[in-house]
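Novice: Chains as they are written, first to last, in the working numbering: chain A, 1 to 131; chain B, 1 to 131; chain C, 1 to 131; chain D, 1 to 131; chain E, 1 to 131; chain F, 1 to 131.
Fair warning: there could be bad hints in the mix.
Copies of the same chain are indistinguishable here, so a pair counts whether it falls within one copy or spans any two.
[Said to hold, decoys possible] EDC-like, lysine to aspartate or glutamate: derived pairs with alpha carbons at most 20 Å apart:
| # | residue 1 | residue 2 |
| --- | --- | --- |
| 1 | K117 | D34 |
| 2 | K77 | E27 |
| 3 | K77 | E92 |
| 4 | K117 | E29 |
| 5 | K77 | E4 |
| 6 | K117 | E27 |
| 7 | K124 | E90 |
| 8 | K124 | E4 |
| 9 | K77 | E90 |
| 10 | K117 | E127 |
Quick caveat, the hints were computed from the structure, so don't treat them as lab data.
6 protein chains.
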Amino acid sequence: MPSERAERGMDILRQINPQSAQALFSELESIAPDLSRFVAEFAYGDIYARPGLSLREREMITVAALTAQGNAAPQLKSHIVGALNSGCTEQEIIEIMLQMAVYAGFPAAINGIIAAKEVFTARKVNEAHPT
Amino acid sequence: MPSERAERGMDILRQINPQSAQALFSELESIAPDLSRFVAEFAYGDIYARPGLSLREREMITVAALTAQGNAAPQLKSHIVGALNSGCTEQEIIEIMLQMAVYAGFPAAINGIIAAKEVFTARKVNEAHPT
Amino acid sequence: MPSERAERGMDILRQINPQSAQALFSELESIAPDLSRFVAEFAYGDIYARPGLSLREREMITVAALTAQGNAAPQLKSHIVGALNSGCTEQEIIEIMLQMAVYAGFPAAINGIIAAKEVFTARKVNEAHPT
Amino acid sequence: MPSERAERGMDILRQINPQSAQALFSELESIAPDLSRFVAEFAYGDIYARPGLSLREREMITVAALTAQGNAAPQLKSHIVGALNSGCTEQEIIEIMLQMAVYAGFPAAINGIIAAKEVFTARKVNEAHPT
Amino acid sequence: MPSERAERGMDILRQINPQSAQALFSELESIAPDLSRFVAEFAYGDIYARPGLSLREREMITVAALTAQGNAAPQLKSHIVGALNSGCTEQEIIEIMLQMAVYAGFPAAINGIIAAKEVFTARKVNEAHPT
Amino acid sequence: MPSERAERGMDILRQINPQSAQALFSELESIAPDLSRFVAEFAYGDIYARPGLSLREREMITVAALTAQGNAAPQLKSHIVGALNSGCTEQEIIEIMLQMAVYAGFPAAINGIIAAKEVFTARKVNEAHPT
Numbered sequence: 001m002p003s004e005r006a007e008r009g010m011d012i013l014r015q016i017n018p019q020s021a022q023a024l025f026s027e028l029e030s031i032a033p034d035l036s037r038f039v040a041e042f043a044y045g046d047i048y049a050r051p052g053l054s055l056r057e058r059e060m061i062t063v064a065a066l067t068a069q070g071n072a073a074p075q076l077k078s079h080i081v082g083a084l085n086s087g088c089t090e091q092e093i094i095e096i097m098l099q100m101a102v103y104a105g106f107p108a109a110i111n112g113i114i115a116a117k118e119v120f121t122a123r124k125v126n127e128a129h130p131t
Numbered sequence: 001m002p003s004e005r006a007e008r009g010m011d012i013l014r015q016i017n018p019q020s021a022q023a024l025f026s027e028l029e030s031i032a033p034d035l036s037r038f039v040a041e042f043a044y045g046d047i048y049a050r051p052g053l054s055l056r057e058r059e060m061i062t063v064a065a066l067t068a069q070g071n072a073a074p075q076l077k078s079h080i081v082g083a084l085n086s087g088c089t090e091q092e093i094i095e096i097m098l099q100m101a102v103y104a105g106f107p108a109a110i111n112g113i114i115a116a117k118e119v120f121t122a123r124k125v126n127e128a129h130p131t
Numbered sequence: 001m002p003s004e005r006a007e008r009g010m011d012i013l014r015q016i017n018p019q020s021a022q023a024l025f026s027e028l029e030s031i032a033p034d035l036s037r038f039v040a041e042f043a044y045g046d047i048y049a050r051p052g053l054s055l056r057e058r059e060m061i062t063v064a065a066l067t068a069q070g071n072a073a074p075q076l077k078s079h080i081v082g083a084l085n086s087g088c089t090e091q092e093i094i095e096i097m098l099q100m101a102v103y104a105g106f107p108a109a110i111n112g113i114i115a116a117k118e119v120f121t122a123r124k125v126n127e128a129h130p131t
Numbered sequence: 001m002p003s004e005r006a007e008r009g010m011d012i013l014r015q016i017n018p019q020s021a022q023a024l025f026s027e028l029e030s031i032a033p034d035l036s037r038f039v040a041e042f043a044y045g046d047i048y049a050r051p052g053l054s055l056r057e058r059e060m061i062t063v064a065a066l067t068a069q070g071n072a073a074p075q076l077k078s079h080i081v082g083a084l085n086s087g088c089t090e091q092e093i094i095e096i097m098l099q100m101a102v103y104a105g106f107p108a109a110i111n112g113i114i115a116a117k118e119v120f121t122a123r124k125v126n127e128a129h130p131t
Numbered sequence: 001m002p003s004e005r006a007e008r009g010m011d012i013l014r015q016i017n018p019q020s021a022q023a024l025f026s027e028l029e030s031i032a033p034d035l036s037r038f039v040a041e042f043a044y045g046d047i048y049a050r051p052g053l054s055l056r057e058r059e060m061i062t063v064a065a066l067t068a069q070g071n072a073a074p075q076l077k078s079h080i081v082g083a084l085n086s087g088c089t090e091q092e093i094i095e096i097m098l099q100m101a102v103y104a105g106f107p108a109a110i111n112g113i114i115a116a117k118e119v120f121t122a123r124k125v126n127e128a129h130p131t
Numbered sequence: 001m002p003s004e005r006a007e008r009g010m011d012i013l014r015q016i017n018p019q020s021a022q023a024l025f026s027e028l029e030s031i032a033p034d035l036s037r038f039v040a041e042f043a044y045g046d047i048y049a050r051p052g053l054s055l056r057e058r059e060m061i062t063v064a065a066l067t068a069q070g071n072a073a074p075q076l077k078s079h080i081v082g083a084l085n086s087g088c089t090e091q092e093i094i095e096i097m098l099q100m101a102v103y104a105g106f107p108a109a110i111n112g113i114i115a116a117k118e119v120f121t122a123r124k125v126n127e128a129h130p131t
């Protein structure tokens with residue numbers, strides 16, 4: 001039975017990116033189900049659930065950090081989706097990435113923007129042809 | 001004579017962190033004045049001056065990125081000041097750093113929070129004893 | 001009242017590095033006490049408390065990772081202490097760092113070994129002159 | 001004629017991951033054969049051949065470092081194989097990666113575990129259908 | 001109308017890697033055309049256009065940095081092409097990467113050399129069968 | 001008795017930065033003398049001693065890589081000295097760092113230039129007052 005922390009985290013995941021969360025949990029189920037639990041309990045139930053920042057702001061700073069680090073493309077794409085679902089516009093995401101050129105260099109910004117383009121395009125295809 | 005881009009950047013620097021900017025420009029004057037110019041023109045005049053994100057949001061994502069990267073303490077402290085001057089509360093800055101534990105690990109979050117504590121303390125001393 | 005997870009984490013911290021933990025918790029108390037709680041609950045109560053690796057092995061991999069990352073000197077030193085307290089010898093710690101030259105380059109290995117030397121020396125002074 | 005150091009390194013490579021070593025040496029042969037020599041001589045002949053840590057421990061710390069760095073997927077997979085061949089269990093490798101969530105963040109741990117899953121699956125296929 | 005800075009940057013891009021630049025600008029056109037402008041104006045018009053280092057030296061240090069960082073494969077490949085077009089030999093590029101083993105570890109050097117091999121091979125194919 | 005590789009490496013170290021090398025070897029003597037040997041044998045005897053790049057070019061790419069990585073200040077300063085001793089001008093070193101703003105962000109460039117300023121200043125003091 002999921003803990004209260006996990007429930008709280010899952011509530012947030014359902015708001016910001018239910019598909020990525022489900023895909024991750026399915027991927028991890030056979031090999032490291034406890035990591036799924038830690039994602040729900042700690043990352044979302046303990047951290048994202050805190051007051052003090054809006055979910056939109058939380059997704060913005062995550063997109064910034066993942067763009068600057070430049071070594072976690074799948075998570076960057078998931079959080080671009082999460083940012084859009086939390087109220088960011090596409091242009092705001094582009095702005096975040098342009099600014100990362102200043103702090104992490106142009107390659108990080110370029111690769112971030114190309115990831116964003118892929119996410120934006122996939123969403124438009126999905127909206128046009130919902131499954 | 002400063003370019004229009006530099007003027008626009010300096011206007012923003014005067015809003016968010018005039019003291020750090022002045023200290024940096026003095027430090028660089030004898031060795032790399034063009035870097036000061038690029039900071040004013042490109043980082044602030046071209047990027048921070050863009051519409052699309054508020055200065056408060058821009059400083060929040062910079063604080064997030066520098067905390068996650070964990071290798072630029074002087075710039076992190078300057079941007080904690082910049083975030084406070086742009087409308088962030090101390091608690092919002094702490095929230096950003098707590099969230100970085102999820103994306104860059106606990107050492108990055110801890111070192112970010114210790115940097116924030118030093119900035120917050122120095123500001124309280126300065127407010128009590130303005131020069 | 002501390003959670004069962006925090007109690008479990010604190011038990012481990014008392015075994016591996018009670019002084020660093022106490023210093024960290026004191027440092028964070030006024031600014032981010034929840035981070036201390038997450039360290040105890042998640043880092044130690046959820047992760048280090050797991051079966052599957054010995055505490056000595058857990059400290060060895062942490063020392064390796066922090067040496068390779070090269071941007072968290074205070075945490076590296078704490079975990080060198082933790083490794084020694086968990087059963088690593090000084091020579092084993094040096095071996096970890098030499099090996100990191102292969103994966104993260106010579107500067108990371110050199111800076112790791114200099115950190116280890118400082119820790120080893122401080123411990124010898126403390127043993128000679130216990131407080 | 002290979003040096004004594006290269007021979008010593010090749011002996012270790014034959015124990016821990018002969019297939020990856022062979023694939024790497026073939027890949028490098030036409031372009032940088034000296035790098036193959038440095039891998040055999042320095043990385044394995046000078047470092048891994050040292051007493052002080054077991055091969056299993058050496059592979060564990062390498063897996064930890066590569067997971068934390070998060071930017072060398074092919075080498076991470078090779079060393080997951082090397083860890084298994086040196087006496088690590090699959091569960092021990094998962095534990096290493098879970099712990100890296102604490103020091104390098106959740107994306108590093110997740111991407112490490114997905115790499116491990118791919119390695120574990122490929123080995124099961126190979127065992128069922130040996131070539 | 002492109003600025004003088006953009007013109008100056010485009011002149012350099014035409015010398016060192018017109019195809020990559022055109023591909024990047026096409027990729028960014030629909031999503032972040034200002035980033036293309038910043039690449040031309042700042043990266044090439046302000047920085048690469050400076051006296052003090054030759055274009056060959058500028059490409060060499062960029063190849064070194066991108067190899068050491070290890071998280072921007074597309075840009076590394078573009079700058080390997082740029083280095084060749086600026087007067088570097090293939091062997092000089094291999095030397096740069098071998099040296100990065102010392103400063104960023106063997107995985108960074110190996111992945112850099114494999115990227116170089118792909119670039120060198122593609123150029124030979126193109127020279128044999130020009131489009 | 002030092003190996004031929006170590007002799008070859010020491011010859012290069014005597015050309016480019018004998019003081020840093022001696023200080024490092026003294027520091028490591030009591031704790032990890034084999035690391036000093038690997039520095040002399042592998043880093044300088046195997047890599048820097050190779051033909052294909054001049055020592056000046058080798059130091060330039062090292063300064064670029066260490067500036068971009070941003071987490072090894074002592075080594076960066078040593079190699080700024082090494083670059084000057086190998087024929088780089090102060091202005092060339094500044095140019096390297098300015099260019100790193102493009103690939104690793106402004107904080108890396110700024111911190112690199114401040115390190116360079118410290119090195120340049122210390123050398124001028126030493127030249128004015130030789131010991």
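Novice: Taking 20 Å as the upper bound on the Cα-Cα distance, should K117 and E27 be classified as within, between, both, or neither?
Specialist: For K117 and E27, the Cα distance is within 20 Å only across copies (9 Å; inside one copy 25 Å).
Novice: When no copy is named, should K117 and D34 be tagged within, between, both, or neither for a Cα gap of at most 20 Å?
Specialist: between (33 Å within a copy, 15 Å between copies)
Novice: Taking 20 Å as the upper bound on the Cα-Cα distance, should K124 and E90 be classified as within, between, both, or neither?
Specialist: Answer is within; shortest intra-copy Cα gap is 12 Å, inter-copy 39 Å.
Novice: How would you classify K117 and E127 at a CA-CA limit of 20 Å: within, between, both, or neither?
Specialist: Answer is within: at 15 Å inside a copy they meet the 20 Å cutoff, but 33 Å across does not.
Novice: If the cutoff is 20 Å on CA atoms, where do K77 and E4 land: within, between, both or neither? Let me know, please.
Specialist: Result: close neither inside a copy nor across copies, 28 Å intra and 36 Å inter.
Novice: How would you label the pair K77, E92 (within, between, both, or neither) given a Cα cut-off of 20 Å?
Specialist: For K77 and E92, only the intra-copy Cα distance (15 Å) is at most 20 Å; the inter-copy one is 25 Å.
Novice: Check K117 against E29 for me: Cα-Cα at most 20 Å, and say if that holds within a copy, between copies, both or neither.
Specialist: between (30 Å within a copy, 11 Å between copies)
Novice: Give the relationship of K77 and E90 under a CA distance limit of 20 Å: within one copy only, between copies only, both, or neither.
Specialist: Answer is within: at 13 Å inside a copy they meet the 20 Å cutoff, but 29 Å across does not.
Novice: Classify it for me, K124 with E4: is the Cα-Cα distance of at most 20 Å met within a copy, between copies, both or neither?
Specialist: neither (36 Å within a copy, 37 Å between copies)
Novice: Can you tell me if K77 and E27 fall within 20 Å by alpha carbon in one copy, between copies, both or neither?
Specialist: The answer is both: 16 Å in one copy and 17 Å across copies each meet 20 Å.
Checked against the numbered hints above, the structure breaks hints 5 and 8 and satisfies the rest.
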